[in-house]
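Spelled out from the first residue to the last, the chains are:
There are 2 protein chains.
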Amino acid sequence: MKCKRCRRAEAAVDLPSHHAAFCPDCFFVFFRRQVKEGIRKLRLLAPEDRVLVCVSGGKDSLVLWDVLMEEGYETEGLYIDLGIDGYSDRSKERVLAYAASRGKTPIVVELAKEGIPIPETARCTRMQECSVCGTVKRHFFNRVAAEGKFTVVATGHNLDDETARLLGNLLHWQRDHLARQHPFLPETGGGLVRKVKPLWRVSEVETAAYGFLKGIDYVTEECPLSFDATSLVYKESLSLIEEKMPGTRIVFYQGFLDPSNPLRRAAEAAAQDDAVSPQGGESAAGAGPMGEDGEDILGTPRACASCGAPTFAETCSYCRLKERVRQRRERRAGGRG
Amino acid sequence: MKCKRCRRAEAAVDLPSHHAAFCPDCFFVFFRRQVKEGIRKLRLLAPEDRVLVCVSGGKDSLVLWDVLMEEGYETEGLYIDLGIDGYSDRSKERVLAYAASRGKTPIVVELAKEGIPIPETARCTRMQECSVCGTVKRHFFNRVAAEGKFTVVATGHNLDDETARLLGNLLHWQRDHLARQHPFLPETGGGLVRKVKPLWRVSEVETAAYGFLKGIDYVTEECPLSFDATSLVYKESLSLIEEKMPGTRIVFYQGFLDPSNPLRRAAEAAAQDDAVSPQGGESAAGAGPMGEDGEDILGTPRACASCGAPTFAETCSYCRLKERVRQRRERRAGGRG
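Those protein sequences? They're chains A and B, same order as listed.
Here our numbering is used: the first residue of the first sequence is -2, the next is one more, and so on.
Here our numbering is used: the first residue of the second sequence is -2, the next is one more, and so on.
One or more hints might be untrue.
Which copy? The list can't say, so a pair holds if one copy fits it or any two copies do.
Derived pair list, reagent style SDA-like, types lysine to any residue, alpha-carbon separation capped at 25 angstroms [to be verified]: (1) K38 / H169; (2) K33 / D11; (3) K33 / A109; (4) K38 / H174; (5) K241 / L222; (6) K101 / G80; (7) K33 / H169; (8) K146 / K232; (9) K211 / A143; (10) K241 / T227; (11) K211 / G252; (12) K241 / E218; (13) K232 / Q251.
Hints in this document: simulated from the structure, not taken from any laboratory.
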């Protein structure tokens, strides 16, 4: 099959949802256009932005960084070493190698050095790893952005991620999560930086094809601590529909984002009632009107007594997690002594 | 495994979504309770109602009729013979046999005699069979109900049907369909009878188990004209989720029906703006603010010039379909003569 764009080269990527098939060069053009269109439509980024790109070593975030650099944005990569045996080393390697190939050095945060590695923190607090990881990552997204004077944080969530999350939120009518699900979360007072998802219009298959054809070497293994079976079930369920009815995912997500959608209007109204709304992350738990710390979010956030981050409690959830790890370590050391 | 209710008999039906397993007798109690709860919660039926139960010969509608009779409702069955070779005869046989076993004689409408059999009508009008069938059925639901002084029409849609439809409506954000999707559609002026779906809380598997254990002989074949592949894909997709997370379907549907759900509130508001809203059926096409006839529904319906049914055009969609069949037959007869 010939490329549908140049009509000369052999097609390498078949895209039934766009009734198209492209050769590698034309696919790059198509993919970048899709990302640009996603940025333009929701005004995710401005030319003068300093963008902190969160890179995990997986395909989505490295592809995101790649496209944003090619589009001329001022970017730096942030890699958070979660302290997971083997997996974290392999991920970091890919991030460093990719960055080096583009003449970049990513900002690296090592959670082990910060005293809050994910596996130990989850054990100490008896919390789910993904939940701990979400809290810790959000903390550093905001902190590194503030320290480095970045105007925006970008993550690599693609259309499959976003629609799986949307389906899960709809199946359980998690209104609080529905209200906060958007590729654009505005900056709010008190140190919560703007967060954007520029890949929201491109699918997982498209992102993987871009990464592969661009020769980006990324980790393919899933995080060994991630037992987030539910989001995989939602993805599989939507893949089944997408296969039979190509294009359903993008229609689903765009219709959700449509400002005239009653769900979005309800979300906007709630946001106005609540001028400073905390930016709950991907794995924020709880369906009620709760902030990322689990406490009631009515009212205005204050500065964490320990680190200064915005919180609705005395200290922020990050500092509380860290304190519990410290106490547990102390008790253990005491027990041994 | 023993029955979780009586703890004596062997369990025959395993229901992971209810963390239960029942012997046949206890399952009957459970199933009827579920249906009663569904009726009570949404006030679908009152003891004094005269219920017209639409029976197709399939499991759902026969089970519905069975439960409503056992619960003491005054019911009659309505069988619409669609005029589909073989399939219609086999379906009618089951309906008549079931009715006879309960000392009943169903009301039978034969579309061939009415001059509007589904296959010929679809050919003449070049419309999809399911769409023609929906229009014709709705017409007779209302007409037979009015003629027989029934206060309500009941159909056998179960939880799987309703959630598949809901998922499809959400994936495409068909707001008009979302606004009209409810197990209770109120009577409106001008001859549109109240329509209810008392099986909305029970799953397909539960309904099939009830029919099987009760010894109800129903047709298992699908309608040969039904190529409604989309609703099957949505069902399959939800089954995949239900299997991993039992109970998701009922949570999904109940959350949708919750009066505080922004989608329902938007639907209520739209209904108030538009005092007489046509009751679009399962296969009503078009996503805009259109009635079942396809014309603009703003304004008040008038009586069809030909049959008196409520319509927003000069004649109702049923009469227009019928007229096209008649004209086509005439042309053919003329061509032969």
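For each hint, the structure was consulted:
1. K38 / H169: Answer is between: at 20 angstroms across copies they meet the 25 angstroms cutoff, but 28 angstroms inside does not.
2. K33 / D11: within (21 angstroms within a copy, 51 angstroms between copies)
3. K33 / A109: neither (37 angstroms within a copy, 58 angstroms between copies)
4. K38 / H174: within (22 angstroms within a copy, 27 angstroms between copies)
5. K241 / L222: Classified as between; 20 angstroms across copies, 33 angstroms inside a copy.
6. K101 / G80: Answer is within: at 23 angstroms inside a copy they meet the 25 angstroms cutoff, but 72 angstroms across does not.
7. K33 / H169: between (32 angstroms within a copy, 24 angstroms between copies)
8. K146 / K232: neither (36 angstroms within a copy, 49 angstroms between copies)
9. K211 / A143: This pair counts as neither: shortest intra-copy Cα distance 32 angstroms, inter-copy 68 angstroms.
10. K241 / T227: Both, since 22 angstroms and 8 angstroms are each at most 25 angstroms.
11. K211 / G252: Neither way: K211 and G252 sit 31 angstroms apart in one copy and 44 angstroms across, limit 25 angstroms.
12. K241 / E218: between (28 angstroms within a copy, 23 angstroms between copies)
13. K232 / Q251: both (17 angstroms within a copy, 23 angstroms between copies)
Checked against the numbered hints given earlier, the structure breaks hints 3, 8, 9 and 11 and satisfies all the rest.
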